[in-house]
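> Residue numbers (the working numbering), protein chains in the order written: chain A, 612 to 979; chain B, 612 to 979; chain C, 612 to 979; chain D, 612 to 979.
Derived by calculation from the structure, the hints in this document are not laboratory data. Just to be clear, a hint being listed does not mean it is correct.
[As the list claims (entries may be wrong)] Straight-line alpha carbon distances no greater than 25 Å define the calculated DMTMM-like cross-link-like pairs of lysine to aspartate or glutamate that follow:
#: 1; chain 1: B; residue 1: Lys685; chain 2: B; residue 2: Asp650
#: 2; chain 1: A; residue 1: Lys870; chain 2: B; residue 2: Asp865
#: 3; chain 1: A; residue 1: Lys870; chain 2: B; residue 2: Asp806
#: 4; chain 1: B; residue 1: Lys870; chain 2: A; residue 2: Glu814
#: 5; chain 1: B; residue 1: Lys934; chain 2: A; residue 2: Glu873
#: 6; chain 1: D; residue 1: Lys934; chain 2: C; residue 2: Glu879
#: 7; chain 1: D; residue 1: Lys870; chain 2: C; residue 2: Glu920
#: 8; chain 1: C; residue 1: Lys685; chain 2: B; residue 2: Glu709
#: 9; chain 1: D; residue 1: Lys809; chain 2: C; residue 2: Glu873
#: 10; chain 1: B; residue 1: Lys685; chain 2: C; residue 2: Asp699
#: 11; chain 1: B; residue 1: Lys809; chain 2: A; residue 2: Asp865
#: 12; chain 1: D; residue 1: Lys934; chain 2: D; residue 2: Asp816
#: 13; chain 1: B; residue 1: Lys870; chain 2: A; residue 2: Asp865
#: 14; chain 1: B; residue 1: Lys870; chain 2: A; residue 2: Glu707
#: 15; chain 1: A; residue 1: Lys809; chain 2: B; residue 2: Asp865
#: 16; chain 1: D; residue 1: Lys685; chain 2: A; residue 2: Asp699
#: 17; chain 1: A; residue 1: Lys934; chain 2: A; residue 2: Glu664
#: 18; chain 1: C; residue 1: Lys934; chain 2: C; residue 2: Glu703
#: 19; chain 1: C; residue 1: Lys809; chain 2: C; residue 2: Asp656
#: 20; chain 1: A; residue 1: Lys934; chain 2: B; residue 2: Glu879
#: 21; chain 1: A; residue 1: Lys870; chain 2: B; residue 2: Asp816
#: 22; chain 1: D; residue 1: Lys809; chain 2: D; residue 2: Glu664
#: 23; chain 1: C; residue 1: Lys934; chain 2: D; residue 2: Glu879
#: 24; chain 1: B; residue 1: Lys685; chain 2: C; residue 2: Glu709
#: 25; chain 1: C; residue 1: Lys685; chain 2: B; residue 2: Glu703
#: 26; chain 1: C; residue 1: Lys809; chain 2: D; residue 2: Asp865
#: 27; chain 1: D; residue 1: Lys934; chain 2: C; residue 2: Glu873
#: 28; chain 1: C; residue 1: Lys870; chain 2: D; residue 2: Glu920
#: 29; chain 1: B; residue 1: Lys870; chain 2: A; residue 2: Asp806
#: 30; chain 1: C; residue 1: Lys934; chain 2: D; residue 2: Glu873
#: 31; chain 1: B; residue 1: Lys809; chain 2: A; residue 2: Glu873
#: 32; chain 1: B; residue 1: Lys685; chain 2: C; residue 2: Glu707
#: 33; chain 1: D; residue 1: Lys870; chain 2: C; residue 2: Glu707
#: 34; chain 1: C; residue 1: Lys809; chain 2: D; residue 2: Glu873
[To be verified] Per the computed footprint, the stretches of chain A lying under chain B, defined by three or more beta-carbons under 8 Å from a beta-carbon of chain B, are:
#: 35; stretch: 614-628
#: 36; stretch: 720-734
Don't be surprised by glycine CBs; every beta carbon is placed ideally from N, CA and C.
Protein chains: 4
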Amino acid sequence: MSSHFGHIFQITTWGESHGGGVGVVIDGCPPLVDLCEADIQRDLDRRRPGQSEIVTPRAEADQCRILSGVFQGKTLGTPLCVAVMNQDARPEAYQEMEAAFRPSHADYTYQAKYGIRNGQGGGRSSARETIGRVAAAAVAKKVLRTLGSGVEVVAYVKSVHRIVASVDPETVTQEQVEANIARCPDPAAAQEMIDFIKQVRSEGDSVGGVVECAIRNVPVGLGEPVFDKLEADLAKAMLSLPATKGFEIGSGFDGTLLKGSEHNDAFEMRDGRVRTLSNRSGGIQGGISNGETIFFRVAFKPTATIFREQQTVSVSGENTALKARGRHDPCVLPRAVPMVEAMAALVLCDHALRQRAQCGWPAGTPQV
Amino acid sequence: MSSHFGHIFQITTWGESHGGGVGVVIDGCPPLVDLCEADIQRDLDRRRPGQSEIVTPRAEADQCRILSGVFQGKTLGTPLCVAVMNQDARPEAYQEMEAAFRPSHADYTYQAKYGIRNGQGGGRSSARETIGRVAAAAVAKKVLRTLGSGVEVVAYVKSVHRIVASVDPETVTQEQVEANIARCPDPAAAQEMIDFIKQVRSEGDSVGGVVECAIRNVPVGLGEPVFDKLEADLAKAMLSLPATKGFEIGSGFDGTLLKGSEHNDAFEMRDGRVRTLSNRSGGIQGGISNGETIFFRVAFKPTATIFREQQTVSVSGENTALKARGRHDPCVLPRAVPMVEAMAALVLCDHALRQRAQCGWPAGTPQV
Amino acid sequence: MSSHFGHIFQITTWGESHGGGVGVVIDGCPPLVDLCEADIQRDLDRRRPGQSEIVTPRAEADQCRILSGVFQGKTLGTPLCVAVMNQDARPEAYQEMEAAFRPSHADYTYQAKYGIRNGQGGGRSSARETIGRVAAAAVAKKVLRTLGSGVEVVAYVKSVHRIVASVDPETVTQEQVEANIARCPDPAAAQEMIDFIKQVRSEGDSVGGVVECAIRNVPVGLGEPVFDKLEADLAKAMLSLPATKGFEIGSGFDGTLLKGSEHNDAFEMRDGRVRTLSNRSGGIQGGISNGETIFFRVAFKPTATIFREQQTVSVSGENTALKARGRHDPCVLPRAVPMVEAMAALVLCDHALRQRAQCGWPAGTPQV
Amino acid sequence: MSSHFGHIFQITTWGESHGGGVGVVIDGCPPLVDLCEADIQRDLDRRRPGQSEIVTPRAEADQCRILSGVFQGKTLGTPLCVAVMNQDARPEAYQEMEAAFRPSHADYTYQAKYGIRNGQGGGRSSARETIGRVAAAAVAKKVLRTLGSGVEVVAYVKSVHRIVASVDPETVTQEQVEANIARCPDPAAAQEMIDFIKQVRSEGDSVGGVVECAIRNVPVGLGEPVFDKLEADLAKAMLSLPATKGFEIGSGFDGTLLKGSEHNDAFEMRDGRVRTLSNRSGGIQGGISNGETIFFRVAFKPTATIFREQQTVSVSGENTALKARGRHDPCVLPRAVPMVEAMAALVLCDHALRQRAQCGWPAGTPQV
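Based on the sequences and whatever the hints tell you, model everything.
Now the structure itself:
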């Protein structure tokens, strides 16, 4: 269950950072979707380590292989297994970390929960696990496209430490995001972020920030009342990413500083459709998309693994000190951008198919 | 699916604000748990309308009845159905709202999704639906108690608009929370909040705020890697509550302003156990509880239904204005406290039983 | 989980034979389906005790009430709760059975599993639980009808003990089935069955038999490869009914006596569609409906509760003898007919919506 | 969903007969179970093609690789991915079958459902898919062993066509089953079966039969009331295997020929435990194991693919004739034995962990 996500477009990820490899099985994918490995590789390349000077230098090409579910360039409707074999594994770099628990990392809790852990790299808690998610989301995006909804997911780095970018979620493009290695579409802020991350790394330290994500052209009617509200599933999706500490949608925490008369989004008819004059709801009302742009923010803490000596406890239960080695991101934000997009696409795709199941398709024209 | 929550301790809520009633079916509850209707009524009374002068005056006793699953004061291991019949329904107060969509409410999205809605009260989107959750959580708390873990859930109003309380999550008690109608354990802040809510109501307006929740004495090892991280399930649980806009755990969004060396929680041995010196992790690391106090915050927006004229659209698609009638909370925060506690207890109970399934019990001593 | 059935059209039943009542929550039902209590009552009346001289005389009107999910005669898309309160409960008739375990009944296994049981009537193991299933299936049938597929489910008593009816699954009508109290559409066999059941009852004994079920006008394409094959889900559905011992589809066990050349169903084009010349497959190939009539048989054992002294063990673990009292069916077959139909309709409805989710609708014209 | 099985011990299989490979992801496996590839290979070798002169000659070593979830010889508690790459694929042998639908095969229904199929081999409908199930079951058996329950699963060929073996489910051993290539522990019947299968194959024909399965030393208390009755889950598991047409447990269809007084299993105290004098219940009462041997039978039809000309329809919708080529089993029974065992072990393992979740462990001593 713990590695399983989605109700109709269902994915199960597998794999550890050091071991045979990592990957995903996608069950419930519609048939007849054009798909090849290059479609998936594009997003994996945005996620992979070693892609720039401000991320971890681990050298993994992360070359994917589709092992099932595709025939002559189209999905079969049966499960897709997508696998990436591990290559640049250096277990020797983790000896200290096998002996002592890294502060604020998953080492201790995995050991306590299971009585065992793969101490080479982060094991299952490694961000390497997100390869399976990003691969599955590449397929989900194609499904969304084929459903004709024009859904567009664009995430970007909103802030690193105290450096905050100015970005308009209604208009930002993926090209702007990909224009620099910080994945921040505000060029001035991006340069500041890059300089700051380099400085922090040179100090053996790490830093966090906020990713913002805009989902445009969402049909009205996605999301379900009560537990599977669209924002609830987005929140779970985002908090399931490593290093996340918070999620807010639309007006978010700042919305608590407004009165109802200031916060409500008035309705009006525009171009024959019901639209809102403002969008403090963030595109979702009552758990269901209202057709406006969905936008939300995700807080990422500073990377736990740093190259400074820290107080900790050994596996055998003695106080000790630990200074990490290995290859780690001084700031996860640039690589977190495709992960956030991936989880958003998975949630949207699943809810689109759920809507088709219960109410027919296209959304917003309910049939029995 | 949309009204279904939990993997082992599974609940399904049902009911609309105006209709036969509301309730919940609990499947997967352990047998032999002492349980009577009074155990459930206690929490329902904290949630019910009309309990104080700062909440909605709708007069509902919310008297529950256990229709199945209990025999001679003990759970049978079979499904419990708990029902509360609706009484003080005044459909005539909703005529305007049946004709036009309330801004920032679920009226429009329900109509667009399903092509139909129960326009009397909020229908399924009403906070009345949370009766089923609170009832189920009363059972979940008893299960947690019987599992011997001593888990204690205490939520409270942390802020209303710009009024912020000072509370220590490690020591706050439910008695302190229940000592005033604001459910804020900081008496000075509580009085300010009460005065402010009254004033806002007199203006026909509404206001939001933040609920904070502490979960103490959580065993090490609850929560699962990848998608069902404990904080991910808590985030989903909280964002599934009506009117929520954000969730943050431990250091939350503010944690993005720290460097790794400042943010990490150093480990030490204390009283023979692995403990942390600080708790910016909020009691969860790698998705799994580490034995420290779990604490998180939930943002609630100002109530959408206000007694002022607002611009909106009619059901037939014409621009119009709407001024609500009916009985509504000027501020949902005091009544949100038991709802937040309820969702937290449901998540913890389910994960405790999941841990027992996979690794045995007590947690932290994994067996095959 | 144990009281939960279906993936999209999801039902959760609740209730014991003696207690507040029994019922069902239906989640995932499409909106806009015309529905009133009479639609459900019709099928409940076919299931209820006391309907004829060959079934249990327990006097229960089994009057249902829809507590949620319907507004102005149409489904809302939100959960329906349907409840039937218990009335003719006579706990005193079960004193002996609370003290000793009825042979071949669920008394002992419930006690061993849970350490507790509701010994009044069969508790959760009572056939009374199937009220929730029959009620849900009445809704499922309406959904199937609205999907335009013309699916028709007709079950009937195929045999009682050694009395075997001659019935053509392609043409039998529900009117023929309902024409006699045995629910056997072969009038001569029906009369024999009625006489035999009366004789067996007069001897304080019980008897079993076989129900056959035909599902006609099933669209091509329902059912899924691997675990959720249509026949696999039907088998589970049928074996989940009380007192069942076997399931076979199409040629069934007798099909093992044929060679491939005799067993295969040749294809031909007929009326512009792919059809089979024979139907030993029973309408399903590779787990997916092929458009031919689905037909299967379900074996029901003789009722376990008989009015003769039997050797057994007391709750306190001593050898003893038990002669049952209370009101019981000497033969469950006539009342099992609507239960079999109900489970078949639930499986078909869920798979129709699953097909719509993954491949669009109507079935047999796959879209992305 | 369709390739997903189990609630706690969850498996997802993937792969087609011709393509990259086949395999399984196991999620929810307890940690600390000793496991290596040889543990899995043993069962795969019993399932693989080419193992004897009466099965398909396709030459596949079916060598498995564990890609994740195991570290230093023990399970980690995280997902295991087990993969077998395809080797002896001969797509050219399937040209005719790509052009026309094999009678009684899944060709037509897959095409109609999805609008596409992998016509090389059976694609997803191939028995090759069961590799993932057998691999997962090898792990499930180890889990059952570690839970200390001593559960033992022994399946065997009970009949081929009209040749019926005489076997005692209480005492038969796997050694007796493996003593001949028919996997029938009655040596005389086995020799008849072997001769008959060879003869049928020489005629280009195929033949079916019945596999019986005994599960011994099952703890009291496994299985759940209502939908997830142990026999219901076993029925679904068995009917999900390719070529199955029926399932019966204990007295099965023949039990309908007995009266209650003849059919009931009287209870007695024996060796301090509640035992039954007979076992027509087949080890399950009210959906829950009673501690007696569980035994059931599964009907397998004759293989659909035969080497004789048959009437059928082409992909383009014209009447035509088809004579298959390729490599196929003339009788699936010998290779079906490990598949039946596998599905039985998966059901038992999942229900054991479900019991531990809800009622604690060992079963039969319920705790909260």
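> Next step is simple, just say for each hint if it's right about the structure.
Now the hints, each set against the structure:
With a CA separation close to 12 Å, the supplied pair lysine 685 of chain B and aspartate 650 of chain B stays within the 25 Å bound. Only pairs whose Cα atoms come within 25 Å are accepted, and lysine 870 of chain A paired with aspartate 865 of chain B is accepted, the gap being roughly 24 Å. At most 25 Å may separate the alpha-carbon atoms for a hinted pair to count; lysine 870 of chain A and aspartate 806 of chain B meet this at roughly 15 Å. Only pairs whose Cα atoms come within 25 Å are accepted, and lysine 870 of chain B paired with glutamate 814 of chain A is accepted, the gap being roughly 11 Å.
A threshold of 25 Å between alpha carbons decides the hint, and for lysine 934 of chain B with glutamate 873 of chain A the separation of about 15 Å falls inside it, so the pair holds. A threshold of 25 Å between alpha carbons decides the hint, and for lysine 934 of chain D with glutamate 879 of chain C the separation of about 16 Å falls inside it, so the pair holds. The straight-line distance between the Cα atoms of lysine 870 of chain D and glutamate 920 of chain C is roughly 14 Å, inside the 25 Å bound, and the hint therefore holds. Restraint check for lysine 685 of chain C and glutamate 709 of chain B: the C-alpha separation of about 16 Å stays at or below 25 Å, so the hint holds.
Proposed proximity of lysine 809 of chain D and glutamate 873 of chain C is supported: the alpha carbons are some 18 Å apart, at most 25 Å. With a C-alpha separation of about 23 Å, the suggested pairing of lysine 685 of chain B with aspartate 699 of chain C holds against the 25 Å cut-off. As the CA atoms of lysine 809 of chain B and aspartate 865 of chain A are separated by approximately 22 Å, the hinted pair is consistent with the 25 Å bound. Annotation: proposed proximity of lysine 934 of chain D to aspartate 816 of chain D holds, straight-line Cα distance about 11 Å (limit 25 Å).
Using a Cα cut-off of 25 Å, the hinted pair lysine 870 of chain B and aspartate 865 of chain A holds, with the two alpha carbons roughly 24 Å apart. Proposed proximity of lysine 870 of chain B and glutamate 707 of chain A is supported: the alpha carbons are some 22 Å apart, at most 25 Å. Of the pairs offered as hints, the one joining lysine 809 of chain A and aspartate 865 of chain B holds, with about 22 Å between alpha carbons and a cut-off of 25 Å not exceeded. For the hint pairing lysine 685 of chain D with aspartate 699 of chain A, the CA-to-CA distance comes to about 23 Å; that is within 25 Å, so the pair holds.
Using a Cα cut-off of 25 Å, the hinted pair lysine 934 of chain A and glutamate 664 of chain A holds, with the two alpha carbons roughly 22 Å apart. Of the supplied pair hints, the one linking lysine 934 of chain C and glutamate 703 of chain C holds, its CA atoms being roughly 15 Å apart against a limit of 25 Å. Between lysine 809 of chain C and aspartate 656 of chain C, the direct Cα distance comes to roughly 22 Å. Compliance with the 25 Å bound is thereby established for this hinted pair. For the given pair, lysine 934 of chain A sits about 16 Å from glutamate 879 of chain B by alpha-carbon distance, which is consistent with the 25 Å threshold.
Restraint check: the Cα-Cα separation between lysine 870 of chain A and aspartate 816 of chain B comes to about 7 Å, which is no more than 25 Å; the hinted pair holds. For the given pair, lysine 809 of chain D sits about 8 Å from glutamate 664 of chain D by alpha-carbon distance, which is consistent with the 25 Å threshold. This hinted pair checks out: lysine 934 of chain C and glutamate 879 of chain D have alpha carbons roughly 16 Å apart, not beyond 25 Å. Of the supplied pair hints, the one linking lysine 685 of chain B and glutamate 709 of chain C holds, its CA atoms being roughly 16 Å apart against a limit of 25 Å.
Straight-line distance between C-alpha atoms of lysine 685 of chain C and glutamate 703 of chain B comes to about 20 Å, which keeps the hinted pair within the 25 Å bound. Pair hint lysine 809 of chain C plus aspartate 865 of chain D holds up; C-alpha atoms about 22 Å apart against a cutoff of 25 Å. A C-alpha spacing of about 15 Å is found between lysine 934 of chain D and glutamate 873 of chain C, which places the hinted pair at or below 25 Å, so the restraint holds. Between lysine 870 of chain C and glutamate 920 of chain D the alpha-carbon distance is near 14 Å, which keeps this suggested pair within the 25 Å criterion.
For the hint linking lysine 870 of chain B to aspartate 806 of chain A, the alpha-carbon distance of about 15 Å falls within 25 Å, and the restraint holds. Annotation: proposed proximity of lysine 934 of chain C to glutamate 873 of chain D holds, straight-line Cα distance about 15 Å (limit 25 Å). Taking the CA atoms of lysine 809 of chain B and glutamate 873 of chain A, the gap is about 18 Å. The hint holds against a cut of 25 Å. For the hint linking lysine 685 of chain B to glutamate 707 of chain C, the alpha-carbon distance of about 22 Å falls within 25 Å, and the restraint holds.
About 22 Å separates the Cα atoms of lysine 870 of chain D and glutamate 707 of chain C, which keeps this hinted pair within 25 Å; it holds. Straight-line distance between C-alpha atoms of lysine 809 of chain C and glutamate 873 of chain D comes to about 18 Å, which keeps the hinted pair within the 25 Å bound. Residue count for the stretch 614-628 of chain A with a Cβ under 8 Å from a Cβ of chain B: 5. That meets the three needed, and the coverage hint holds. Check result for the stretch 720-734 of chain A against chain B: holds, 7 residues qualifying (beta carbon to beta carbon below 8 Å, three or more required).
Checked against the numbered hints above, the structure violates none of them.
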